[in-house]
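A.B. asks: Going down the list, the protein sequences come from chains A and B.
Numbering follows UniProt numbering, with no gaps: position 422 of the first sequence is 422.
Numbering follows UniProt numbering, with no gaps: position 307 of the second sequence is 307.
Misleading hints may appear alongside valid ones.
It does not matter which identical chain is meant; a pair holds if it fits inside one copy or across any two.
[Claimed, not checked] Calculated cross-link-like contacts (lysine to any residue; reagent style SDA-like; alpha-carbon spacing at most 25 Å): (1) K334 - P168; (2) K130 - K209; (3) K334 - L132; (4) K130 - Q319; (5) K334 - S316; (6) K334 - C320; (7) K334 - N290; (8) K130 - D91; (9) K204 - V98; (10) K159 - K207; (11) K395 - V98; (12) K64 - K204; (13) K159 - S316; (14) K209 - G160; (15) K130 - E344; (16) K334 - P291; (17) K334 - Q319; (18) K193 - R175; (19) K161 - M210.
To be clear, the hints were calculated from the coordinates, so they are not data collected in a lab.
Single-letter residue listing:
Protein chains: 2
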Amino acid sequence: MWRCAGGVMETPLNCAEEQQLPPPLPDSWSTVTPQEPTTDRKDKGNAVGFVLVHAGAGYHSESKAKEYKHVCKRACQRAVDRLKAGALAVDAVTAALVELEDSPFTNAGMGSNLNLSGEIECDASIMDGKSLHYGAVGAVSGINNPVLVANRLLSEAQKGKLSAGRIPPCFLVGRGAHDWAVSHGIPPCPSEKMATKFSLSAYKRNKHKMELAEKVETGFNHHSKKRRQASETENGSGLLDTVGAIVVDREGNVAAAVSSGGLAMKHPGRVGQAAHHGCGCWAENTSTLNPYSTAVSTSGCGEHLIRTMLARECSSAMQCEDAHQALLEAMQNKFISSPFLASEDCVLGGVIVLRCCRYSDAQPSADIQAILVEFLWSHTTESMCVGYMSAQDGKAKTHISRLPPGAVAGQSLAIEGGVCRLGGCCSLVGSSGLRGVETEEEVEEVCHQFLQLGAAHPGLFSFFRPFSGSAASRPSTTSMVTWRREREEQGQRSESVWRNNCPLCI
Amino acid sequence: MWRCAGGVMETPLNCAEEQQLPPPLPDSWSTVTPQEPTTDRKDKGNAVGFVLVHAGAGYHSESKAKEYKHVCKRACQRAVDRLKAGALAVDAVTAALVELEDSPFTNAGMGSNLNLSGEIECDASIMDGKSLHYGAVGAVSGINNPVLVANRLLSEAQKGKLSAGRIPPCFLVGRGAHDWAVSHGIPPCPSEKMATKFSLSAYKRNKHKMELAEKVETGFNHHSKKRRQASETENGSGLLDTVGAIVVDREGNVAAAVSSGGLAMKHPGRVGQAAHHGCGCWAENTSTLNPYSTAVSTSGCGEHLIRTMLARECSSAMQCEDAHQALLEAMQNKFISSPFLASEDCVLGGVIVLRCCRYSDAQPSADIQAILVEFLWSHTTESMCVGYMSAQDGKAKTHISRLPPGAVAGQSLAIEGGVCRLGGCCSLVGSSGLRGVETEEEVEEVCHQFLQLGAAHPGLFSFFRPFSGSAASRPSTTSMVTWRREREEQGQRSESVWRNNCPLCI
Chain A
1 MWRCAGGVME TPLNCAEEQQ LPPPLPDSWS TVTPQEPTTD RKDKGNAVGF VLVHAGAGYH
61 SESKAKEYKH VCKRACQRAV DRLKAGALAV DAVTAALVEL EDSPFTNAGM GSNLNLSGEI
121 ECDASIMDGK SLHYGAVGAV SGINNPVLVA NRLLSEAQKG KLSAGRIPPC FLVGRGAHDW
181 AVSHGIPPCP SEKMATKFSL SAYKRNKHKM ELAEKVETGF NHHSKKRRQA SETENGSGLL
241 DTVGAIVVDR EGNVAAAVSS GGLAMKHPGR VGQAAHHGCG CWAENTSTLN PYSTAVSTSG
301 CGEHLIRTML ARECSSAMQC EDAHQALLEA MQNKFISSPF LASEDCVLGG VIVLRCCRYS
361 DAQPSADIQA ILVEFLWSHT TESMCVGYMS AQDGKAKTHI SRLPPGAVAG QSLAIEGGVC
421 RLGGCCSLVG SSGLRGVETE EEVEEVCHQF LQLGAAHPGL FSFFRPFSGS AASRPSTTSM
481 VTWRREREEQ GQRSESVWRN NCPLCI
Chain B
1 MWRCAGGVME TPLNCAEEQQ LPPPLPDSWS TVTPQEPTTD RKDKGNAVGF VLVHAGAGYH
61 SESKAKEYKH VCKRACQRAV DRLKAGALAV DAVTAALVEL EDSPFTNAGM GSNLNLSGEI
121 ECDASIMDGK SLHYGAVGAV SGINNPVLVA NRLLSEAQKG KLSAGRIPPC FLVGRGAHDW
181 AVSHGIPPCP SEKMATKFSL SAYKRNKHKM ELAEKVETGF NHHSKKRRQA SETENGSGLL
241 DTVGAIVVDR EGNVAAAVSS GGLAMKHPGR VGQAAHHGCG CWAENTSTLN PYSTAVSTSG
301 CGEHLIRTML ARECSSAMQC EDAHQALLEA MQNKFISSPF LASEDCVLGG VIVLRCCRYS
361 DAQPSADIQA ILVEFLWSHT TESMCVGYMS AQDGKAKTHI SRLPPGAVAG QSLAIEGGVC
421 RLGGCCSLVG SSGLRGVETE EEVEEVCHQF LQLGAAHPGL FSFFRPFSGS AASRPSTTSM
481 VTWRREREEQ GQRSESVWRN NCPLCI
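This is chain A alone, in the form it adopts within the complex (with noise of 0.2 Å):
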């Protein structure tokens, strides 16, 4: 079920890790280590918060990745100025979200794509966890912060009905959701202060490209109406560049939300996966169904991303024990294998996941709880531009995610992630109650883990190995607990594939 180019399968593992080693982990993160077992427990109660954001799914050119690692950056550092201003995942992830559309160089709000038209057409949706609501806004133009509009209709849904027992609108589009807007305090924009010269300029080149293919394609298709399938290359470099974020909040609340320009030269009116519920972001915190609060925001081709619903779907996913395995999973049969894009042979788009439980320390209190993060990407275009960063932490941590050399965009994935352990007690030992551990041998191998990672990089991260290659090449597990199940079923086999790959282990 692996649609794998040839080359990347027979790649070993160990050579596509030694190509694409984890980034180094950044040491403001050492707040909360296990050698510093005293540190004042209240004030890291009140900065308590995670964020996860992406530049988007697509082509990041090395020559701009310093742009781009910077608007993450500063996007998560506005999320956790808000956190620890003391405000819900909501508020976080929108500041994160506005941060994003600013910058120039992402396609959301200010810079967004052109549509054939030579205009500015935005999509955008936000989903609160804690609440199930969910808010989006589509094809609006002369807004530059499209993510404030679905913020609102959120928050105006929230209150209740309107006159006359109408029922709020969660989703709105084109002039009317400018006209919502502009009547709820939200600031129009002039769309021509919206382009860039980065923007008009790749509207010439791609007009001008269009055209060119138009001619070409009359010409050899003159007497036949079947399309031209796109090239590899116009694929694999086409600029995606959707932005997310998702965050949990001191509460453990989380939230989701995304922003994009859509595709470049689109026809005017097209909503892509950012405006649709399921597909662009999704958010709901534990429940007595959920053993996970999760997060999910996407980028890449909105159409792939709508027809499989992907943030669902992988939010779903993750309520599994293994959540690398999970995404995994869903990444490919959900995904490049979907049966809902079977006449694909390039399924272009990438998501970031966070699941959270909260779990007790034994010692010196069981009373006091702390949240436990995993946090992953993946992606099967070129690269993904990702930052992260606790409400703990001094900065952020960016990174440039790209597929190893010779996979094919499209058709195999890259996935990476770590783990954050947020307020509590710092000592892991004697730890009980994090979801799917149940005996104690396996809360004690738990407590090892979180442990050595500890010790081995301050701030509790453990980076996943990125994977890209064939079902038979890759670890069968990420999970120590479950390792330790599987090591016990099939003996030596499974540990050594622990041993090649488990950061722990080498």
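Fit chain B to the supplied structure of chain A, relying on the hints for placement.
C.D. replies: Just chain B now, with coordinates in the frame of chain A:
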């Protein structure tokens, strides 16, 4: 978990049934009956297919019942005409929708609700279960058959990429959708011609009502920003008559479509479930993962249907063994009691659902396959108008399903349905290959059920009994196969439940 009003919960099921007996079965469905085993098979093969339409879940007054039923009848006929001409499910479902949109009595296309500005803006979508492609338009003005635009978007997307490798859109809104439609040969219609006397007078009444309500609210809540909750009367009497259809064709392909003028007095640019992937309609052919082909179309409050993604949820539920039970649970757990609508005290919506599978007749030849169609409707609104017809039938059957007296709209539900067998040999004795039917004994049971139904009702229709009430009073099963298993496991109790509720046992 059941939110039924006390009075309804206490109503004995049999009383509810007496008050809401299934409609008489159509005489014209007698072309295929167990009494006519020698009817020419070739002719029937050319006229195989089934359509189920709805003219909305909301409130259908007795005074207009005739018009609603009449338009459903015509819509069924249009779909069947296409099926008989050899069209596949997507074309047939589109034909049904065009008829529903053209009626001035439905809230879709011609005669749609007017928005706050006194304009008509329509939503529509369509899904093809074979290709799993989807096309939608939102908030489009000046097009009297929005479903034709959705259909065209779907078919254009199936042709592959546009010039220069651009991905064709699946969802267009507003002016852009209108212009795209016109450029693809769909005729525009002046907006003033789409409004009817009825929709214009309703707009004036609504506007007056709204202004009055706002004055009253301003008086009451001058110092408070808290919004008033609408009274039950306001919701209960609201017309929410989105239209839709689901079809299975001779090849067993399914398709679904939906079209709506949206809520009366909606904000311009508001898009409802009818344009939302997974919310307004869903269709999926059978696959290695899905034993049944399923198709769903919804109606009701768009925001509730978007947030619960009801169409996709019902489709997914239909893969369970017992169709009636699965829909009952989906409507209860994924809609009325959905965590996504936890803050809503009145959840308004309705669905039409079909699922089908092929099976072989052992006599006279195992090569001849028939299609078994189970079709149902369920609603939490006061009423829902439906029509259904097989290609083997001379005319359609229509029905307005209503909640039993005393049931509270938005908190209770009604569910009804039937079974239809398309094509193949008429005798069901010895049939095998039916999904979920494993043993010879089970096959015999199913055959027994169908033969009895066939004898009682020419056309092989069986109506499930309508059900509104508490979980405690509901029948535990509706499928004979499941019943048999339960009886063996649980003894006399299940059998006595069946004696009260199964149409075969009374």
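A.B. asks: Hint by hint, say whether it matches the structure.
C.D. replies: Structure-based check of all given hints:
Taking the shortest alpha-carbon separations for K334 and P168, only the inter-copy value of 21 Å comes in at or below 25 Å, while the best intra-copy value is 33 Å. Taking the closest pair of Cα atoms, K130 and K209 never come within 25 Å of each other, the shortest separation being 46 Å inside a single copy and 34 Å across copies. For a Cα distance limit of 25 Å, the shortest separation of K334 from L132 qualifies both inside one copy, at 23 Å, and across copies, at 14 Å. Taking the shortest Cα distances, K130 and Q319 sit within 25 Å of each other inside one copy (17 Å), while across copies they are farther apart (30 Å).
Taking identical chains as interchangeable, the C-alpha atoms of K334 and S316 lie at most 25 Å apart whether they share a chain (11 Å) or sit on different chains (15 Å). In this homomeric assembly, K334 and C320 come within 25 Å of each other (Cα to Cα) both inside a single copy, at 15 Å, and across copies, at 21 Å. Proximity of K334 and N290 under a CA criterion of 25 Å is satisfied in both settings, with 20 Å inside one chain copy and 15 Å between copies. Proximity of K130 and D91 under a CA criterion of 25 Å is satisfied intra-copy only: 13 Å inside one chain copy versus 42 Å between copies.
In this homomeric assembly, K204 and V98 never come within 25 Å of each other (Cα to Cα): the closest approach is 27 Å inside a single copy and 40 Å across copies. Proximity of K159 and K207 under a CA criterion of 25 Å is satisfied inter-copy only: 22 Å between copies versus 45 Å inside one chain copy. For a Cα distance limit of 25 Å, the shortest separation of K395 from V98 inside one copy, 18 Å, qualifies, whereas the shortest one across copies, 58 Å, does not. When the C-alpha separation of K64 and K204 is checked against a cutoff of 25 Å, the pair qualifies only within one copy, where the shortest distance is 20 Å, while the shortest distance between copies is 57 Å.
With identical chains, the CA atoms of K159 and S316 are never at most 25 Å apart, being 28 Å at best within one copy and 32 Å at best between copies. When the C-alpha separation of K209 and G160 is checked against a cutoff of 25 Å, the pair qualifies only between copies, where the shortest distance is 19 Å, while the shortest distance within a copy is 49 Å. For the identical chains of this complex, K130 and E344 are inter-copy neighbours only, at 15 Å across copies versus 36 Å inside a copy, given an alpha-carbon limit of 25 Å. Taking the shortest Cα distances, K334 and P291 sit within 25 Å of each other both inside one copy (22 Å) and across copies (18 Å).
In this homomeric assembly, K334 and Q319 come within 25 Å of each other (Cα to Cα) both inside a single copy, at 15 Å, and across copies, at 18 Å. Proximity of K193 and R175 under a CA criterion of 25 Å is satisfied in both settings, with 18 Å inside one chain copy and 22 Å between copies. For the identical chains of this complex, K161 and M210 are inter-copy neighbours only, at 12 Å across copies versus 47 Å inside a copy, given an alpha-carbon limit of 25 Å.
In terms of the numbered hints stated before, the structure departs from hints 2, 9 and 13, listed from lowest to highest.
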